[in-house]
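Trainee: Residue numbers (my numbering): 6 to 164.
Since the hints were derived computationally from the structure, they do not count as laboratory data. Any given hint could be a false lead.
As the list claims (entries may be wrong) - Quick list of simulated restraints, FRET-style, between CB atoms: (1) 139 - 7: 45 to 51 Å; (2) 23 - 155: 38 to 44 Å; (3) 148 - 122: 18 to 24 Å; (4) 161 - 10: 40 to 46 Å; (5) 142 - 38: 36 to 42 Å; (6) 128 - 60: 16 to 22 Å; (7) 31 - 134: 31 to 37 Å; (8) 142 - 42: 20 to 26 Å; (9) 77 - 144: 30 to 36 Å.
As the list claims (entries may be wrong) - Below 20 Å or equal to it, Euclidean Cα-Cα: the simulated SDA-like pairs (lysine to any residue) are: (10) 133 - 16; (11) 133 - 150; (12) 133 - 113; (13) 133 - 75; (14) 133 - 145.
The C-beta atom is built at its ideal place from N, Cα and C for all residues, glycine as well.
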Amino acid sequence: MRSRPSAVLNFAAESHVDRSIDGPLDFVVTNVVGTLQLLEASRAHLGRLDGAARDQFRFLQISTDEVFGSLGASGRFSEATAYAPNSPYSASKAASDHLVRAYHHTYGLAVTTSNCSNNYGPRHFPEKLIPLMIVNALLGRPLPVYGDGMNVRDWLHVD
6 MRSRPSAVLN FAAESHVDRS IDGPLDFVVT NVVGTLQLLE ASRAHLGRLD GAARDQFRFL
66 QISTDEVFGS LGASGRFSEA TAYAPNSPYS ASKAASDHLV RAYHHTYGLA VTTSNCSNNY
126 GPRHFPEKLI PLMIVNALLG RPLPVYGDGM NVRDWLHVD
């Protein structure tokens, strides 16, 4: 039996900013080329659909607020905030977002892009900020401070 999905949900990403600085190619391959491959598969699938199934099909892009650059003192981005990526990670996510937008305008693919903030919660990678701080504090290790320590971040608990 042939699968007939009604949506593609693209959560996939290389997501560690520090690793993107040391090895940006992996981020471009996963985040840009991987998204392109999903878009092409979605476009091919859309071409096989008709009627209501075609009208209901969606490509859902899960992005990041990092595409907007540094969060200022207001602590907010909006839909009108311009893209201003500051790392290879955020640049690769911005590029994939632009591909998603282009597929909407060029091929009529119905898309939604979500620019969620920093996630944390159970099973979080230990290299990420909150688990790293907790583990280092428990072990009496130094707590890393990035930049001048004045960065503002928005956090979303995911369980």
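Trainee: Which of the numbered hints above does this structure break?
Mentor: When the structure is compared with the hints, numbers 2, 4, 6, 7, 8, 12 turn out to be violated.
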